[in-house]
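> Chain by chain, the residues:
Protein chains: 2
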Amino acid sequence: MSAQLGNLFILAAPSGAGKSSLIKALLEKHDTADAYPMQVSVSHTTRLPRPGEVDGVHYHFVSRQQFEELIELGVFFEWAEVFGNYYGTSRVTIEQTLHQGTDVFLDIDWQGARQVKKLLPDACGIFILPPSTAVLKERLNKRGQDSDEVIAARMQEAVSEMSHYNEFDYVLVNDDFATALGDLESVVRAHRQRTSKQKMRHTDLLQDLLGDQSTDECE
Amino acid sequence: MSAQLGNLFILAAPSGAGKSSLIKALLEKHDTADAYPMQVSVSHTTRLPRPGEVDGVHYHFVSRQQFEELIELGVFFEWAEVFGNYYGTSRVTIEQTLHQGTDVFLDIDWQGARQVKKLLPDACGIFILPPSTAVLKERLNKRGQDSDEVIAARMQEAVSEMSHYNEFDYVLVNDDFATALGDLESVVRAHRQRTSKQKMRHTDLLQDLLGDQSTDECE
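Chains A and B supply the protein sequences, listed in that same order.
Residues 1 to 219, numbered by UniProt numbering, are exactly what the first sequence covers, in order.
Residues 1 to 219, numbered by UniProt numbering, are exactly what the second sequence covers, in order.
No lab work stands behind these hints, which were simulated from the structure alone.
Positions of the beta carbon are idealized from the N, C-alpha and C atoms, including for glycine.
Zero decoy hints are in this set.
So, partial list: chain A residues that the calculated Cβ filter (under 7 Å) puts toward chain B:
(1) 133
(2) 163
(3) 168
(4) 170
(5) 171
(6) 172
(7) 183
(8) 186
(9) 187
(10) 190
(11) 193
(12) 194
(13) 195
(14) 208
(15) 209
Computed far set for chain B versus chain A, every beta-carbon distance over 10 Å:
(16) 28
(17) 39
(18) 41
(19) 42
(20) 43
(21) 45
(22) 53
(23) 57
(24) 60
(25) 69
(26) 78
(27) 81
(28) 83
(29) 91
(30) 100
(31) 154
Next up, chain A with everything else stripped away, as it sits in the complex:
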């Protein structure tokens, strides 16, 4: 894969950690003012759009035949068939977006994260943890009036997901939402300052400052 100006951020978390709210808040905050565009990765699906859903925003809506052709072409990082509909994350779409200099956020579980990281090692993995078991239980409970068994099953699933935090580059603890959002912003902003990215972004400046030495590889 050739060098890409945009950064890919893979975010994973147990449900109840507040991952989706954090991504949403980050993108809203930096909607237009930011010189660095960013977007959430949009999946492909064969299910029909629901009222209000926009093609290319909520999903890339395609036919079964189109989806199967994309599978054949090896376009997807991962895909699955759920209740008779295909869902997939397109590697090609993500790479094109990164090439345009847009940062991409991938909302995914640890298994998907591992797969993406294997194919795009430059991707930045971020795991979000809840501040305590008590708070997690409360958050999972608030989703409805579920039985103890259902809550227990969700907790077990959450623990299973969290047991993989160690495979990620960063761990954010979502205790105070504003603090966690600030932490996430910092990781994103810092990643843009990495030497490999700055080298691409500031070729003219480096040429101005260093002339022919600007592209020398140091040991």
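Go by the hints and put chain B onto chain A.
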């Protein structure tokens, strides 16, 4: 070296890039309110304190005999004798500060940076660039009414230092000071969220969330 909660940040730049002002502004901004203490690394010297200089703040003032004993003990990353006085950066002092959970900023040149990075690979290298050759020239000129030759020599030294930007993890461009300060803050804040650090900081939380799995090493 055992695991350390604090982060070591190595900052290098050509003179005129604004490195010292950035470090000063960062530390002033986060003086007391921050839950993460930080400080600039304090060098050892055998020269006498000047009026207003405080031992342990501006330098660790030691006798020649003490300094030579420290050299023998292998305490220094690097040391030099300049105009009859010793100057050195103590590895032991830095490691102790990091162990206390304090982030340390090391204001150093590329040669020192390379040496420190070799001994402490976990250190985060940050290189600061000026926004253009024209601005750099202006900043180097403003230091006094120097001859063209003196300015030219300074520029050459600056280019020589800048040619090593590629050995650092991050590159910040100090065009707008507030933006560069924000970039530096982001790198510092992001580094605290790295999984290796969070694992040390949040042992209780991980134990609460994961029980025995909290210290498992994932592949």
